[in-house]
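This is what each chain is made of:
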Amino acid sequence: MNMKKAISGGEAIAHALRQIEPEVFAMYPITPQTPIIEAYALFEAQNKVKTKLVRTESEHSALSVAIGASCSGVRATTATASQGLLYMYEMLGVAVGLRLPIIMPIANRSISSPINIHCDHSDSMSAIDQGWIQMYCENNQEAYETTIFLQKLIEKVCLPGMVCIDGFFTSHTVENTHLFEDKDVKKFVGKYKPVYDLLDTKNPITIGSLALQDNQFKIKTEIDIANNLVPSAFKEVSKEFKETFNKKINLYEDYFASKSEIVVVVLSSSAGTVKDVVDKLRRKKISVGLLKPKLYRPFLYQEYKKVFKNAKKIIVLDRSFGYGSVPPLYKDIKLCVSEISRKIEVFSFVYGIGGRDFYPEDAEKIIASVIKK
Amino acid sequence: MDYKQLSKKINTKKVLKSGHSTCPGCPIGIIFRTILSATDEDVVCCGATSCAEVTTSIYPYTSWNVPWMHSVFANAAATISGVEQAYLARKQKGNIKKKIKFLAFGGDGGSYDIGLQSLSGALERGHDFVYVCYANEAYQNTGSQRSSNTPYGAYSTTTPAGKKEFAKNFTEIAIAHNIPYVANANPYDLVDLYNKAKKAFETKGPAVINVFAACPTNMKAPSNQTINISKLATETNFWPLYEYENGRYKINYKPSKKIKIEEFLKTQTKFKQILKSKEDIKKIQTKIDNQWKKLNKKSNFT
Chain A
1 MNMKKAISGG EAIAHALRQI EPEVFAMYPI TPQTPIIEAY ALFEAQNKVK TKLVRTESEH
61 SALSVAIGAS CSGVRATTAT ASQGLLYMYE MLGVAVGLRL PIIMPIANRS ISSPINIHCD
121 HSDSMSAIDQ GWIQMYCENN QEAYETTIFL QKLIEKVCLP GMVCIDGFFT SHTVENTHLF
181 EDKDVKKFVG KYKPVYDLLD TKNPITIGSL ALQDNQFKIK TEIDIANNLV PSAFKEVSKE
241 FKETFNKKIN LYEDYFASKS EIVVVVLSSS AGTVKDVVDK LRRKKISVGL LKPKLYRPFL
301 YQEYKKVFKN AKKIIVLDRS FGYGSVPPLY KDIKLCVSEI SRKIEVFSFV YGIGGRDFYP
361 EDAEKIIASV IKK
Chain B
374 MDYKQLSKKI NTKKVLKSGH STCPGCPIGI IFRTILSATD EDVVCCGATS CAEVTTSIYP
434 YTSWNVPWMH SVFANAAATI SGVEQAYLAR KQKGNIKKKI KFLAFGGDGG SYDIGLQSLS
494 GALERGHDFV YVCYANEAYQ NTGSQRSSNT PYGAYSTTTP AGKKEFAKNF TEIAIAHNIP
554 YVANANPYDL VDLYNKAKKA FETKGPAVIN VFAACPTNMK APSNQTINIS KLATETNFWP
614 LYEYENGRYK INYKPSKKIK IEEFLKTQTK FKQILKSKED IKKIQTKIDN QWKKLNKKSN
674 FT
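Quick note, the sequences are listed as chains A and B, same order. Mapping the first sequence onto this note's numbering, position 275 (from 1) lands on 275, and the numbers just tick up by one. For any residue, its number in this note's numbering is found by taking its place in the second sequence, counting from 1, and adding 373.
Hints were generated in silico from the structure; no laboratory data involved. Be a bit skeptical, because a hint or two may be false.
Said to hold, decoys possible - With a cut-off of at most 20 angstroms between alpha-carbon atoms, the simulated DMTMM-like pairs for lysine to aspartate or glutamate come out as follows:
#1 K390(B) - D200(A)
#2 K470(B) - D413(B)
#3 K472(B) - D197(A)
#4 K541(B) - E44(A)
#5 K466(B) - E303(A)
#6 K472(B) - D200(A)
#7 K660(B) - E608(B)
#8 K631(B) - E608(B)
#9 K470(B) - D197(A)
#10 K466(B) - D501(B)
#11 K464(B) - E303(A)
#12 K248(A) - E303(A)
#13 K202(A) - D415(B)
#14 K471(B) - D200(A)
With the hints as constraints, model all of the structure from the sequences given.
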């Protein structure tokens with residue numbers, strides 16, 4: 001029997017992690033990520049988990065602890081946001097290079113300066129090319145399910161992964177969330193089988209060597225190959241997820257997008273807002289749909305070409321800038337569209353920086369302006 | 374333990390094998406071989422980016438005969454924290470039965486400077502590990518740039534006119550964390566280093582050993598002078614041998630006669646400029662004398 005709980009998005013992720021029960025959880029506070037670590041610390045205090053909690057003195061150390069633990073044959077995690085993610089930036093590449101399946105929830109928040117604690121995607125967008133898998137979640141239910149799903153996916157491809165939720169909009173908003181049975185989650189993620197083990201003192205290994213030119217090229221190429229394997233691994237894990245929980249996790253959500261002439265592309269919680277607008281406009285016989293990428297890294301260039309089969313105009317909504325270039329999601333969509341011979345216009349809009357509200361009227365105005373063009 | 378027994382022990386354990394690429398006269402090899410021979414338990418090591426890292430782990434080769442990992446420059450202590458916690462979790466589950474000791478290390482750049490915060494965090498959290506700083510007085514891996522352990526007046530490529538500040542007292546910083554064991558050591562006295570490492574491994578909780586690591590490349594001194602110069606560092610009280618054990622200071626060696634700091638500075642071309650200034654030498658001597666006095670007071674007091 002599934003449990004239904006009124007909890008915040010941060011707590012939803014904490015529950016998913018409780019059910020996964022990593023052996024090591026390194027934690028350092030940062031708004032709006034803190035609901036995750038606070039909820040988990042309470043689970044530990046109540047003896048609901050056997051996880052070793054390491055309350056570090058910085059995010060750099062938090063991910064370092066998780067990396068050290070992950071090399072030592074256990075599941076390890078940490079969570080962060082904004083400046084915290086930037087502070088641990090150096091460690092992102094190490095987790096990838098050592099091929100460690102570390103899951104890291106991100107409560108998306110703007111980056112300094114000016115300092116601002118509210119939501120936009122400029123933190124995780126600054127890390128899109130580091131080799132981490134990135135999945136973006138619309139609501140608490142998705143945040144919960146994605147965490148469980150991603151744990152399995154990252155172990156399959158030996159890459160770390162971020163579960164991104166919108167700071168405050170998702171991390172702090174209380175919603176009804178259906179939780180799976182603990183035993184089903186445990187069964188789904190299974191017993192952890194590390195690829196290598198630093199603690200095997202009988203067969204000592206050296207990790208994190210210095211690789212010179214040729215070997216560096218080879219090892220970095222392997223990471224690229226692993227990233228390319230993610231979509232097919234995703235589908236396999238999705239099948240197993242369906243078998244266990246009788247629910248499907250998709251690479252993306254096609255909300256009338258492949259049937260529509262106007263397609264809005266947006267990540268995370270704003271997708272819910274846009275869906276309402278799509279419903280309203282479709283009732284007025286306007287051919288508009290929504291594409292919500294769930295897996296954002298690696299990016300699904302081939303799949304989205306199919307989603308855009310009827311598109312004439314695409315509106316890309318980015319919650320971050322791309323200084324000196326164009327916003328990241330727009331850049332990816334534009335590249336994808338460039339491989340379609342048919343003419344499709346792509347429009348870029350930046351919205352919601354620093355947590356500015358994004359109302360249905362805003363989405364409507366944007367769509368109306370594009371229709372007129 | 375005498376030198377004969379120690380050398381037998383080192384040669385049996387063979388934790389750090391020959392074939393690494395340290396410079397001629399570098400004490401890193403003897404420091405780590407001595408320290409790692411001081412426990413009979415299995416050891417897992419984490420190293421900060423440093424000379425000891427790049428010279429021993431060039432892929433696909435390795436000089437380490439024990440599990441060993443390197444992550445980045447600033448995080449050796451945080452990394453070993455994660456390793457130790459994973460070990461405890463597995464031990465609790467019955468997944469690992471044997472006892473494992475943990476050792477993290479860095480140069481003075483990775484310990485006094487960029488890794489200080491992560492080390493401070495790990496010491497405060499009380500993980501059961503030994504931290505070794507091999508203090509070679511500069512960023513040697515990148516070619517002799519100034520660190521906070523570069524001595525007053527010393528040439529480095531970023532202080533070509535000589536450093537204007539005195540070195541930070543890392544050992545006292547470690548002691549200020551109120552951890553069970555901290556020591557200053559010097560490879561000219563390997564038995565002392567061995568005894569300290571043994572104590573450190575046997576300590577429950579964090580232990581720190583700060584080892585003087587005379588670097589001929591940095592000192593601009595002949596490579597056969599490493600140990601002679603190291604000895605002078607202690608004989609002049611520039612690098613006193615002492616330990617801090619459960620709240621008590623103990624000076625392990627008191628030079629029988631006072632040797633002026635000039636004798637130590639003279640052995641290294643990096644002090645060439647400062648040696649021309651009597652005033653500066655006096656300043657250094659006063660600083661050393663004061664520190665020695667303070668240390669004696671502390672050891673008498675406790």
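- Is the hinted pair K471(B) and D200(A) satisfied, with a Cα-Cα distance of at most 20 angstroms? Satisfied, since the Cα-Cα distance of roughly 10 angstroms is no more than 20 angstroms.
- Distance restraint between K466(B) and D501(B), which requires alpha-carbon spacing of 20 angstroms or less: The given pair, whose Cα atoms are some 19 angstroms apart, holds under the 20 angstroms limit.
- Message: Against the 20 angstroms threshold, does the CA-CA distance of K466(B) and E303(A) hold or violate the hint?
- Response: Violated, at roughly 43 angstroms.
- Message: Hinted pair, alpha-carbon criterion (20 angstroms max): K202(A), D415(B). Please report holds or violated.
- Response: Holds, at about 9 angstroms.
- Query: Between K541(B) and E44(A), is the straight-line Cα distance small enough, at 20 angstroms or below?
  - Reply: With Cα atoms ~39 angstroms apart, K541(B) and E44(A) exceed 20 angstroms; violated.
- Message: Next pair to validate is K472(B) with D200(A); report whether the Cα-Cα distance is within 20 angstroms.
- Response: holds, 12 angstroms
- Restraint check for K470(B) with D413(B), where alpha carbons must lie at most 20 angstroms apart: holds, 16 angstroms
- Query: K472(B) and D197(A): Cα distance at most 20 angstroms?
  - Reply: Answer holds: K472(B) to D197(A) is near 16 angstroms, not above 20 angstroms.
- Message: So if I understand the rule, the pair passes when the alpha-carbon distance is 20 angstroms or less; does K248(A) with E303(A) pass?
- Response: The hint holds at about 17 angstroms.
- Item | Pair hint outcome, K390(B) versus D200(A) [Cα-Cα no greater than 20 angstroms] | Holds, because 19 angstroms separates the two Cα atoms, which is no more than 20 angstroms.
- Verify the proposed pairing of K660(B) with E608(B), using a straight-line Cα cut of 20 angstroms. Judged against 20 angstroms, a Cα distance of about 15 angstroms means the pair holds.
- Assess, step by step, whether the Cα of K631(B) is no farther than 20 angstroms from the Cα of E608(B), and give holds or violated. holds, 8 angstroms
When each numbered hint is compared with the structure, violations occur for hints 4, 5, 11.
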